[in-house]
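Whenever a hint applies, use it, and build me the whole structure from the sequences.
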Amino acid sequence: AQSVSQHNHHVILSEAASLELGCNYSYGGTVNLFWYVQYPGQHLQLLLKYFSGDPLVKGIKGFEAEFIKSKFSFNLRKPSVQWSDTAEYFCAVNEQRGSYIPTFGRGTSLIVHP
Amino acid sequence: KAGVTQTPRYLIKTRGQQVTLSCSPISGHRSVSWYQQTPGQGLQFLFEYFSETQRNKGNFPGRFSGRQFSNSRSEMNVSTLELGDSALYLCASSESAGIAGYTFGSGTRLTVV
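These protein sequences, in sequence, are chains E and D. Okay, so the first sequence: first residue is -5 according to the numbering used here, each after it adds one. Okay, so the second sequence: first residue is -7 according to the numbering used here, each after it adds one.
What the hints contain is simulated information worked out from the structure, not anything from laboratory work. Just so we're clear, the structure is a prediction, and the values are computed from it rather than from any experiment. Treat each hint with caution, since some may be false.
Cβ pair distances, simulated, as ranges [as the list claims (entries may be wrong)]:
{"hint": "1", "chain 1": "E", "residue 1": "5", "chain 2": "D", "residue 2": "88", "range": "29 to 37 Å"}
{"hint": "2", "chain 1": "D", "residue 1": "63", "chain 2": "E", "residue 2": "9", "range": "44 to 52 Å"}
{"hint": "3", "chain 1": "D", "residue 1": "101", "chain 2": "E", "residue 2": "5", "range": "19 to 27 Å"}
{"hint": "4", "chain 1": "E", "residue 1": "103", "chain 2": "D", "residue 2": "12", "range": "30 to 38 Å"}
{"hint": "5", "chain 1": "E", "residue 1": "56", "chain 2": "D", "residue 2": "44", "range": "39 to 47 Å"}
{"hint": "6", "chain 1": "E", "residue 1": "8", "chain 2": "D", "residue 2": "88", "range": "39 to 47 Å"}
{"hint": "7", "chain 1": "D", "residue 1": "88", "chain 2": "E", "residue 2": "74", "range": "33 to 41 Å"}
{"hint": "8", "chain 1": "D", "residue 1": "45", "chain 2": "E", "residue 2": "56", "range": "39 to 47 Å"}
Each residue gets a CB set at the ideal place from its N, CA and C atoms; glycine is no exception.
Next comes the structure, spelled out in structure tokens:
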């Protein structure tokens, strides 16, 4: 079965630390990749997405993600986190064929201490 | 552009009852998907509607159903509620079945007692 794994369930960082959240998927074909963020008390928002082309994708608020096809990975990074980045982060993947319905990872809770 | 609107925001129901949740997508979006979010399972796909037709369905029992109207508004219904149905139900609209990414609503928090 197709699956998306986010290995870090909880991450705690201090402000200005660098962030990398892992995301791996098990699809064999061509994929679309997404990162969503859910700030406390708010709805899920799209952070960035990859469809094709440059495997390094830049999103909002200084976030970026790198697609490494050989590793089936799409890790999210930010060089210097802020307290306002405290949120839950979800990776999602869908195949570029068939239903296009994305499968979501279980999420990573990030807490940034000021 | 108005966002995705879900009503009601909160619901408390008793086991055995049924419930209907509503979702108004972003204007122009014809695809509406529903997800169940729980702490243990994350986001689980329920179903997707496009132009009033159910196009995809997740692995949920038949107690979970939905529909979409000609104005793209969607409803989902859960009959014979069970305690395990307590969750945040999210509606997501998209221009094209999630290819461009979803815009989510704030969700309906359903508690079954």
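Cross-check of the supplied hints:
1. With their beta carbons about 33 Å apart, residue 5 of chain E and residue 88 of chain D fall inside the hinted range of 29 to 37 Å.
2. For the pair residue 63 of chain D and residue 9 of chain E, the supplied restraint of 44 to 52 Å holds, since their beta-carbon distance comes to about 46 Å.
3. Between residue 101 of chain D and residue 5 of chain E the beta carbons are some 25 Å apart, a value that agrees with the proposed interval 19 to 27 Å.
4. About 31 Å separates the C-beta atoms of residue 103 of chain E and residue 12 of chain D, a value consistent with the hinted range of 30 to 38 Å.
5. A hinted range of 39 to 47 Å holds for the C-beta pair residue 56 of chain E and residue 44 of chain D, which are about 41 Å apart.
6. Range check, residue 8 of chain E to residue 88 of chain D: about 41 Å between beta-carbon atoms, so the 39 to 47 Å window is met.
7. For residue 88 of chain D and residue 74 of chain E, the hinted distance range of 33 to 41 Å is satisfied, since their beta carbons lie about 35 Å from each other.
8. The given range of 39 to 47 Å is respected by residue 45 of chain D and residue 56 of chain E, whose C-beta atoms sit roughly 40 Å from each other.
Violated hints are absent here; each numbered hint is respected by the structure.
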